[in-house]
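Participant: Residue numbers (our numbering), protein chains in the order written: chain A, 30 to 180; chain B, 30 to 180; chain C, 30 to 180.
One should not assume that every hint holds.
All copies of an identical chain are treated as equivalent in the list; a pair is satisfied when it fits inside any one copy or across any two copies.
Here are the computed lysine to aspartate or glutamate pairs in the EDC-like style, where the Cα-Cα straight-line distance is at most 20 Å [to be verified]:
#: 1; residue 1: 84; residue 2: 36
#: 2; residue 1: 149; residue 2: 73
#: 3; residue 1: 86; residue 2: 36
#: 4; residue 1: 86; residue 2: 124
#: 5; residue 1: 84; residue 2: 124
#: 6; residue 1: 85; residue 2: 124
#: 7; residue 1: 85; residue 2: 35
#: 8; residue 1: 85; residue 2: 73
#: 9; residue 1: 85; residue 2: 95
#: 10; residue 1: 52; residue 2: 35
#: 11; residue 1: 149; residue 2: 74
#: 12; residue 1: 84; residue 2: 95
#: 13; residue 1: 149; residue 2: 75
Derived from the structure by calculation, the hints contain no laboratory data. Remember, predicted model here, so these are calculated numbers, not experimental data.
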Amino acid sequence: MAQLMEDQVFMAFTTHAAIVILKMILMGPMTAYFRFTRGSFANEEDVARKSAEEKKKLLRAHPDVERVRRCHRNDLENIVPFVMVGLLYALTGPELSAALLHFRVFTASRLFHTVAYVGKLPQPSRALSYLGGMLATLSMAYNVLSSVLIL
Amino acid sequence: MAQLMEDQVFMAFTTHAAIVILKMILMGPMTAYFRFTRGSFANEEDVARKSAEEKKKLLRAHPDVERVRRCHRNDLENIVPFVMVGLLYALTGPELSAALLHFRVFTASRLFHTVAYVGKLPQPSRALSYLGGMLATLSMAYNVLSSVLIL
Amino acid sequence: MAQLMEDQVFMAFTTHAAIVILKMILMGPMTAYFRFTRGSFANEEDVARKSAEEKKKLLRAHPDVERVRRCHRNDLENIVPFVMVGLLYALTGPELSAALLHFRVFTASRLFHTVAYVGKLPQPSRALSYLGGMLATLSMAYNVLSSVLIL
Numbered sequence: 030m031a032q033l034m035e036d037q038v039f040m041a042f043t044t045h046a047a048i049v050i051l052k053m054i055l056m057g058p059m060t061a062y063f064r065f066t067r068g069s070f071a072n073e074e075d076v077a078r079k080s081a082e083e084k085k086k087l088l089r090a091h092p093d094v095e096r097v098r099r100c101h102r103n104d105l106e107n108i109v110p111f112v113m114v115g116l117l118y119a120l121t122g123p124e125l126s127a128a129l130l131h132f133r134v135f136t137a138s139r140l141f142h143t144v145a146y147v148g149k150l151p152q153p154s155r156a157l158s159y160l161g162g163m164l165a166t167l168s169m170a171y172n173v174l175s176s177v178l179i180l
Numbered sequence: 030m031a032q033l034m035e036d037q038v039f040m041a042f043t044t045h046a047a048i049v050i051l052k053m054i055l056m057g058p059m060t061a062y063f064r065f066t067r068g069s070f071a072n073e074e075d076v077a078r079k080s081a082e083e084k085k086k087l088l089r090a091h092p093d094v095e096r097v098r099r100c101h102r103n104d105l106e107n108i109v110p111f112v113m114v115g116l117l118y119a120l121t122g123p124e125l126s127a128a129l130l131h132f133r134v135f136t137a138s139r140l141f142h143t144v145a146y147v148g149k150l151p152q153p154s155r156a157l158s159y160l161g162g163m164l165a166t167l168s169m170a171y172n173v174l175s176s177v178l179i180l
Numbered sequence: 030m031a032q033l034m035e036d037q038v039f040m041a042f043t044t045h046a047a048i049v050i051l052k053m054i055l056m057g058p059m060t061a062y063f064r065f066t067r068g069s070f071a072n073e074e075d076v077a078r079k080s081a082e083e084k085k086k087l088l089r090a091h092p093d094v095e096r097v098r099r100c101h102r103n104d105l106e107n108i109v110p111f112v113m114v115g116l117l118y119a120l121t122g123p124e125l126s127a128a129l130l131h132f133r134v135f136t137a138s139r140l141f142h143t144v145a146y147v148g149k150l151p152q153p154s155r156a157l158s159y160l161g162g163m164l165a166t167l168s169m170a171y172n173v174l175s176s177v178l179i180l
């Protein structure tokens, strides 16, 4: 049982997976923070105690909230595939150094991606960090398919 | 191979993961149900046989459909991380009682979250059920990182 | 460690999971392609070098871009659950033939789903391919819950 967690590659995967998932989860509270500070909500029951006029204002979309939500969705589109492919990749028994390279490139790319997205950094900072993460995942998927293939 | 499925913690994880994923998947048919009963579609080909005037009406967003879709997205943002972190957590070999506490709090929170969201229950019911699920996942992520750490 | 990857069912799962995740990831670059060819962006910094008038035009939503994004989101809602349930299903030790049937139906359905969605094929082609994938995942979830159940 604990066998997997004695494998260095699997432990490295677990560490990096936990970090990027944590980062992704925290986009939820960050969205809530922007909703409250910008006064922009999506549900009637969230503004139930306000007057009719205030409700109308508070139920409008705000660009800062939408930006955090796009960043969150981008995480779902990229971090979730990384964790799923990374798990399979770790199980194919790669070299620790090669595996660490993939995991580190991905984690660093995605941490910077959030800074670039939420901080509105000028392009191509966001595009490059997106690309870095994607290439790490694609490379792992290629490695998985070349070592295991049963259609 | 079947080794993992003889571990009590892993079996408990599997059960709870299957239940919350099932719940999440069923948001798809629920969205379809609301699209048909509310007459609100997103694609031209879905209303191909209607007259031009009817099409225009049917291609508008409807608040009930959007609500179910927000609930579905919230599931993606919370249930997917739970399953991924929960898998790694189960592999670190926690006590069965501690593991069950995490899994049960999460499953109960998310089932209630859907009822609160789709049923438009007054706040803070939805906020609290969201928080319950999030705390369970954060606690598991903390446990994973404190027992395994290879950067 | 490499034990799992010597199991035929797990290897088949890994192959199909890698293929559908790859397909899902590639919706990202496809969205970027449509954003550039249709001239429809979501972030101010993506159109920073344009004139004020051009910016306004380029920051509008375009139906083709929104279609690809809906297809991508549908993938997240269906492919991610497939991979998570499929992993647990593979670990319960099913017959290779039964497992392959589930995996093949899912992979074929989802590949066709993308063609039907992005290619705007007339209904019910998209609805049926959606249903095919969903039934494969539901059947695996049922199998998981009937062989493992610890609440």
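Participant: Now tell me, hint by hint, if it's right for this structure.
Facilitator: Cross-check of the supplied hints:
Taking the shortest alpha-carbon separations for residue 84 and residue 36, neither the intra-copy value of 55 Å nor the inter-copy value of 52 Å comes in at or below 20 Å. Proximity of residue 149 and residue 73 under a CA criterion of 20 Å is satisfied inter-copy only: 8 Å between copies versus 30 Å inside one chain copy. Within a single copy, residue 86 and residue 36 get their C-alpha atoms no closer than 54 Å, and across copies no closer than 53 Å, so neither meets the 20 Å cut-off. For the homomeric pair residue 86 and residue 124, neither the shortest alpha-carbon distance inside one copy (56 Å) nor that between copies (49 Å) is at most 20 Å.
When the C-alpha separation of residue 84 and residue 124 is checked against a cutoff of 20 Å, the pair qualifies neither within a copy, at 57 Å, nor between copies, at 48 Å. In this homomeric assembly, residue 85 and residue 124 never come within 20 Å of each other (Cα to Cα): the closest approach is 57 Å inside a single copy and 50 Å across copies. Taking identical chains as interchangeable, the C-alpha atoms of residue 85 and residue 35 are never at most 20 Å apart, the minima being 56 Å within one chain and 55 Å between chains. In this assembly of identical chains, the alpha carbons of residue 85 and residue 73 lie at most 20 Å apart only when taken from the same copy (9 Å versus 26 Å across copies).
Taking identical chains as interchangeable, the C-alpha atoms of residue 85 and residue 95 lie at most 20 Å apart whether they share a chain (18 Å) or sit on different chains (17 Å). For the homomeric pair residue 52 and residue 35, neither the shortest alpha-carbon distance inside one copy (25 Å) nor that between copies (32 Å) is at most 20 Å. In this assembly of identical chains, the alpha carbons of residue 149 and residue 74 lie at most 20 Å apart only when taken from different copies (7 Å versus 31 Å within one copy). Taking the shortest Cα distances, residue 84 and residue 95 sit within 20 Å of each other both inside one copy (19 Å) and across copies (18 Å).
In this assembly of identical chains, the alpha carbons of residue 149 and residue 75 lie at most 20 Å apart only when taken from different copies (10 Å versus 28 Å within one copy).
Hint compliance for this structure: hints 1, 3, 4, 5, 6, 7 and 10 are not met, and every other hint is.
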